[in-house]
Amino acid sequence: MLFVSACGLAVQHDNYEIIYAMGNDDPEAPAGQPAEDGTDKFTIGVVPKLVEIPYFNLVEEGAREAAEHLGAELIYKGPPIADTAQQINIIQELIEEGVDAIAVSANEPDKLLPTLLKARSQGIKVITWDSDTYREGRDFFVNMVDDEKLGRHLLDTLAWNTGEKGEFAILTGQSKAATLNEWIKWMKVQQEEYYPAMKLVEIAATDDDPQKAYEAAKRMLAQYPNLAGMIGNSSVGPPAAAQAVKDAGRTGQVKVVGLSLPNLMAPYLADGSAQVATLWSPKKLGYLTVVLAVQMLEGNPPQDGMTVANVGIIRVNGDVVVMGDPVDFTEENVNQYDF
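Each number in the working numbering comes from the position in the sequence shown (counting from 1) with 8 added on.
Because the hints were derived from the structure by calculation, they are not lab data.
Warning: the hint list may mix true and false statements.
[Said to hold, decoys possible] As a list, the in silico DSS-like pairs of lysine-lysine whose alpha-carbon atoms are at most 27 Å apart:
#1 Lys157 x Lys173
#2 Lys184 x Lys126
#3 Lys157 x Lys126
#4 Lys126 x Lys173
#5 Lys85 x Lys193
#6 Lys226 x Lys196
#7 Lys220 x Lys119
#8 Lys119 x Lys193
#9 Lys85 x Lys119
#10 Lys184 x Lys226
[Said to hold, decoys possible] Restraint-style ranges between C-beta atoms, simulated for each label pair:
#11 Phe347 x Pro309: 25 to 31 Å
#12 Glu73 x Trp168: 32 to 38 Å
#13 Glu223 x Ala278: 22 to 28 Å
#14 Pro275 x Lys49: 42 to 48 Å
#15 Gln344 x Val197: 27 to 33 Å
#16 Glu81 x Glu340: 30 to 36 Å
#17 Gly106 x Glu69: 39 to 45 Å
#18 Pro309 x Arg258: 28 to 34 Å
#19 Asn234 x Gly106: 25 to 31 Å
Ideal Cβ positions, reconstructed from N, Cα and C, are used throughout, including at glycine.
Let the sequences and hints guide you as you build the complete structure.
Here it is as structure tokens:
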């Protein structure tokens, strides 16, 4: 499996090689360039699962940079907690404001669908990013990575650190988030196919709340005395799990891996309470989402192999855009990143 990032290291894990390639992208790329004078200003509503956690704060930074670069107006608004009813209210407000496009990271696909269909019926373009909904509810989905590759890789990172055996648990975000559940599906497949001595004992939903994640990890450490490791598949999970492992005095005994920001995970990777963090650039995800929304409004849908300035080459498979490959952060390389 090949995972590409923005620095110059190569790490070998058994038969897997993780290559970190140099990276600023081509500034002359055709997509993501400033709009010509006289172009109508589009209004883009970007709705995260929730606000005021580091991951979605970085997404907002990228989205605002893209909007400024392209001369678009951005409304970035999300609920304070991962609550679908509040997300629906925000989307309804955007519909009433008459925005040109809505880009949403979906908490619960089934509950959001009627509101997204309403937006589309009124001529508003709808895309999803970070977490998908049903296809009829949007024009396309901006995915960070390939779901199968990521899910299998997350399980691999834990297996590499537990000797490919033992009980493990998963700390997920919102229990009905489609993309999170797709990653979990592939974790299970990878375990069944390659790691028969490993056993999944629980999947705990945290609603992307750091305190809920910590309490869930703390409870599982007590409930499963033979627990060998935990995987967090939303950004609050790994740091919460690592803190719980530290507090329980089980550093080095219970391994922690998963999706989170390098700045959040650096101290835990340094003291051994976490082993691997994996992620992409949330800022690039926000930037790409707004660029593709503006392009769609201009009549230019995303194309496979297209280079997007400040992001790189994207892949398109049907109605799914894949931004790129994830990056593994370890004690050895985490300080080379700042986000």
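List of violated hint numbers, smallest to largest = Violated: hints 3, 4, 5, 16, 17, 18 and 19.
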